[in-house]
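The lines below spell out each chain.
There are 2 protein chains.
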Amino acid sequence: MLPPEVLERAQQALVDLDGSGIGILEHSHRGPEFMAVLERTEAAVREVGGIGDEYAVLFVTAGATPHFAWIPQQFLAADQTADYCHTGVWSGKAIEEARRYGTVHIACSGAPDFTTTPTACTWSAAPRYVHYTSNETIYGTQWSAPPTAPAPLVCDASSDIFSRPLPLANHALIYAGAQKNLGPSGISLVIARKDFVETGRTDLPPLDQYRTYVAERSLHNTPNTFGIFVIGETCRWILAQGGVTAMATRNEAKAKVLYDFLDQSKAWKPHAAKGSRSLMNVTFRGATKELEATFLKRAEERGLSGLKGHRSVGGIRASIYNAFPASGVTTLVELLDEVERGSV
Amino acid sequence: MLPPEVLERAQQALVDLDGSGIGILEHSHRGPEFMAVLERTEAAVREVGGIGDEYAVLFVTAGATPHFAWIPQQFLAADQTADYCHTGVWSGKAIEEARRYGTVHIACSGAPDFTTTPTACTWSAAPRYVHYTSNETIYGTQWSAPPTAPAPLVCDASSDIFSRPLPLANHALIYAGAQKNLGPSGISLVIARKDFVETGRTDLPPLDQYRTYVAERSLHNTPNTFGIFVIGETCRWILAQGGVTAMATRNEAKAKVLYDFLDQSKAWKPHAAKGSRSLMNVTFRGATKELEATFLKRAEERGLSGLKGHRSVGGIRASIYNAFPASGVTTLVELLDEVERGSV
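For the protein sequence lines, the chains are A and B, in the order given.
215 is the number that the working numbering gives to position 215 of the first sequence; each next residue is one higher, with no gaps.
Each number in the working numbering comes from the position in the second sequence (counting from 1) with 1000 added on.
Some hints could be false.
[Stated by the list, open to error] Taking beta-carbon pairs under 8 Å as the criterion, some of the chain A residues facing chain B (in silico):
id	residue
1	M1
2	P3
3	V15
4	G19
5	S28
6	P66
7	A78
8	Q80
9	P205
10	N221
11	T222
12	T225
Since the hints were made in silico from the structure, they are not lab data.
From a predicted model like this one, the values you see are computed outputs, not experimental measurements.
Ideal placement from N, C-alpha and C gives every residue a C-beta, glycine not left out.
Extracted from the complex, chain A is given alone in its bound form (with noise of 0.2 Å):
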């Protein structure tokens, strides 16, 4: 879900970006008129993410995914060991991708349930850096702060970046795939340290190494155009809410308000566990598979989408990120409570 105000803007550039007359799927990469796009959504994302200038930040034409091999491939040597905390799926496919190219130790786990982000962890004895995933999309599980490592952290942030807060600190490199967010899918925000991109391997593709995309300021070739604009327009609607700690509190507040009914139902279970429960997906399941059908049923009708839970998990999933209304988890709550009640 993206705020209006950003898709107003989005269509108003298609055909005519900043008063140029030319749309932006239009323009050149190379041209002042993008060029301009280019600057004012770094320093978004800067602002947004309170980044300095150790840092860079980097638009990558893919998802997530690709980031999972492309990690290890520059980072992670055939005799080095990195670490991974496993929380759920998306953690379970870095790990797969990882172990193509080193040693990975896995420093804790939520398997089989993954019903918490765990609370200790057993680090190798020099890992390379250390992998997490900060928010779990399908398990509905989030990390309240990153683990406390021996090594550089490595994020996934894919579904809960700029919903909160961005916890720099020793942190080398943070990647998310744009789609939940920050604006529309085929492109990732890379923020990454430039002494430790510096440590990559040298001998691949150029787009397969962070280092391209420092040195030519994400144009090596041509980008995603349109979803940098995009990005930029997301990053300027949450300044004007009043930046990172405002949705924190707008998003706990929408979050607390799904659990707590959660927490007091006799029909619906969430599936995390309380300290590890994510304010952007709230998992949860019915008592019958007949009361989640008649849910996700009069949910649709009443126009209400993309409730049913991720195919390998089940149950219902409600993703409540940045853009989505306090008023959207009060008709959720409404409708839960009025399928409840007609159950009893």
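Following the hints, position chain B against chain A.
Chain B alone, transformed into the frame defined by chain A:
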């Protein structure tokens, strides 16, 4: 440049895809609404290109550049040779990447001036595949027909796909960044023989193997959904114009007006030799730098932008892709003539 009708459809889809009340950026890529977009886009691509079932139609979140590496990485073993036709900057980049993986034999070369597409090629004993760039945007040359080669053809068709009938015969794989004739940047179309794809390496990350896209219908991870929508609309627009045969007739007529003028001019000199001239990118130089500067300045005043030659070559470049109107060519010629007369 994209047709105004396509941009209007894209504007509408940003806020309401197909009457669903929800925008294309906000729909799940696994939901029925986006599945309908994917299906109709693939159908339109197949109809425009006359593409049968032996070929897969794939949508890859990437420009053309990563394919320069992906192709040899999958299909060229260290002890094998691939033949490359070298016609300019883009083939040069493809050659550079292929050399990481196996032996590259330069079958023909237009270096150093790149005014022609070579008429004679010398093939290696048993090439794994033959790679060529159908249209060279920077030098303004184009293969009038694919090379006659002793191995499956692999074609970078980024800058002339669907500007004329697709010469599928003998092709194993055709790839094209979308941003010239198809849609937004940040997505590429790949048309690949399914049996050729199956001959690729199997030990690479899933998204580095075209077979993943074939098996999972470009949905291994979230694709560039907006890009797929726009490609579909552009293909439907091409069909409404009469298909690629009609596009070719239009494009030949547009280019002829420009080349006929340049050939009779004393002030302007086309770069590409007759027989090798691109119908997409017409490159030329003025008799003096001053003439070029005067032309560029006046063009800018009349709202004609993007006419400066690529930074690596200089001069003037008129890019007259599918959606560029014939009237625009007339305006260009009038202005070139005006500047020439003014200089006499």
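Hints breached by this structure: Hints 2, 4, 7 and 8 are the ones this structure does not satisfy, whereas the remaining hints hold.
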